[in-house]
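Please work from the sequences and hints to get the whole structure.
Residue numbers (the numbering used here), protein chains in the order written: chain A, 89 to 230; chain B, 745 to 1071.
A few of these clues could be false.
[Said to hold, decoys possible] Derived BS3-like pairs (lysine-lysine); straight-line CA-CA distance at most 30 angstroms:
(1) K193/A / K206/A
(2) K970/B / K93/A
(3) K980/B / K171/A
(4) K215/A / K1028/B
(5) K93/A / K750/B
(6) K93/A / K1028/B
(7) K817/B / K750/B
(8) K1028/B / K219/A
(9) K980/B / K970/B
(10) K171/A / K750/B
(11) K93/A / K980/B
[Claimed, not checked] Here are a few chain A residues that sit away from chain B, every Cβ distance over 12 angstroms (derived from the structure):
(12) F122
(13) D146
(14) R169
FYI, nobody ran anything at the bench for these hints, they're computed from the structure.
Where a beta carbon is used, it is the ideal one built from N, C-alpha and C, also for glycine.
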Amino acid sequence: MKDRKLRVMVAKPGLDGHDRGARVIARAFRDAGFEVVYTGLHQTPEEIVQAAIQEDVDMIGLSSLAGAHIYLFRRVVELLREKGIDDIVVCGGGIIPEEDIPKLKKIGIREIFTPGTKLEDIVQWVKENVKPRIEGVKCKVK
Amino acid sequence: MQSEVKKVLSGDVRTVARLIRDIDDKVPEVREVLKALYPYTGKAYVIGVTGAPGVGKSTLVDQMVAHLRKEGKTVGVLAVDPTSPFSGGAILGDRIRMQRHSLDDGVFIRSLATRGHFGGLTQSTRSAIDVLDAMGKDYIIVETVGVGQDEVDVVRSAQTTIILVIPGMGDDIQAIKAGILEVGDIFVVNKADREGSDKTVHELKLMLDMSQEKYEEGRWKPPVLKMEAVFDRGVKELLEEIEKHRMYLAEKSGGTSFRKTRERIREELSEMVKNRIIEEVFEKLIQSGEFEKAVNSIRAGETDPYTACEDLVIPKLNLAEEHGRKR
Ligand SMILES: Nc1nc2c(ncn2[C@@H]2O[C@H](COP(=O)(O)OP(=O)(O)OP(=O)(O)O)[C@@H](O)[C@H]2O)c(=O)[nH]1
Ligand SMILES: [Mg+2]
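Here it is in structure tokens:
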């Protein structure tokens, strides 16, 4: 399946009104050859998960600059789990206090990128840790 | 495959989403599913929305979805954005304007990248339309950026094609003329809250009149509407025009579903055959490096393009045999 393309979603849950960071990362992902679905500001976890399903992405990158990241990020992971989805990687980025990182990883956020992280390191991490879904439609041709 | 088909027919979102991915990624097995779905297609009404970058296509699609939902219709949206020729990646941002519908079960929105395969966009978009159609969506809206031939071809899969422009595009309107004027069923001057919209409407009407021969008695004459999509002004009127166009088509085809008219089938099949040939012959020549090798040979004066072409193509033409053997 040489044509398989990595599809990722960049989403901004919560109330803060800045998406410069999210846009920068979206561009970096595009330049790395990924298809990036960007959903804009003020998304609820429900909206993010529903969009991720419709878009069949391999990864959701959550960006948060406000304080509610623990609740919001956890909700995204929970919703995916409730729907029986275990093959979408969830990552987070933004202004996130050091002490929260272990907590977030425990609830199922695979990696957290804080403002100091270089773009190329994030891209590299995604390339190494997120693979496009390999299995195609299950279909038996008689 | 049986269950795959059943899941699509029952409207299973996850299955549909994955199937569209497989279509896009050209997973060969997907054809078997599409074959099985075909009998269930032809019911949806397909609307194309195209126009230059930033003219308000996604904003309009979002409003159309809202109106159609109020009438109780279900809607599928395919929003196509260009693939970067440098990286092969893409930013698919149309969804931003439509996210208010993401929790609505009656709406399925999918962003697609053009991916730059030769004419493949039309093919994969058409297949995605078939899937959403079989899924039971009443309307399918396809948004493309009206720049390349490929995008223009995509909107030709639609029953009604809407071309969006904005005031003061001047020269751009001239540019539209090139390929797109012919495919437009309804023209919309969006951002009519800006200065110059009446002038743009006038210019468009003039241009349409100049190609008057096309519009003999009884033929559909594309209307030109003013719109302020962000403020939901003019959207209702547009949907009324779409309905009129739909009636016109129904009358013309004598009740046969548009997709199943002789003309459509011919067009779709011819696209499909051409695409398959490109896929099976041309793309393979590129991948194997034979094509580049031939280019080098011509440059080096070892052969001429006519001979090179024959040498490339003829060995590939016993495909049928090859496939027969595989079975
Ligand atoms: N003033 C004004 N702005 C509008 C109107 N309709 C849309 N816009 C704005 O135009 C900008 C682009 O709108 P989109 O709907 O994203 O345009 P698009 O054609 O889908 O853009 P691409 O998909 O990037 O080509 C947004 O900021 C909209 O809010 C309108 O009627 N009037
Ligand atoms: Mg758009």
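Consistency of the hints with the structure:
{"no.": "1", "hint": "K193/A / K206/A", "verdict": "holds, 20 angstroms"}
{"no.": "2", "hint": "K970/B / K93/A", "verdict": "violated, 40 angstroms"}
{"no.": "3", "hint": "K980/B / K171/A", "verdict": "violated, 37 angstroms"}
{"no.": "4", "hint": "K215/A / K1028/B", "verdict": "holds, 27 angstroms"}
{"no.": "5", "hint": "K93/A / K750/B", "verdict": "holds, 27 angstroms"}
{"no.": "6", "hint": "K93/A / K1028/B", "verdict": "holds, 19 angstroms"}
{"no.": "7", "hint": "K817/B / K750/B", "verdict": "holds, 22 angstroms"}
{"no.": "8", "hint": "K1028/B / K219/A", "verdict": "holds, 25 angstroms"}
{"no.": "9", "hint": "K980/B / K970/B", "verdict": "holds, 11 angstroms"}
{"no.": "10", "hint": "K171/A / K750/B", "verdict": "holds, 19 angstroms"}
{"no.": "11", "hint": "K93/A / K980/B", "verdict": "violated, 38 angstroms"}
{"no.": "12", "hint": "F122", "verdict": "violated, 5 angstroms"}
{"no.": "13", "hint": "D146", "verdict": "violated, 10 angstroms"}
{"no.": "14", "hint": "R169", "verdict": "holds, 14 angstroms"}
Of the numbered hints listed earlier, those contradicted by the structure are 2, 3, 11, 12 and 13.
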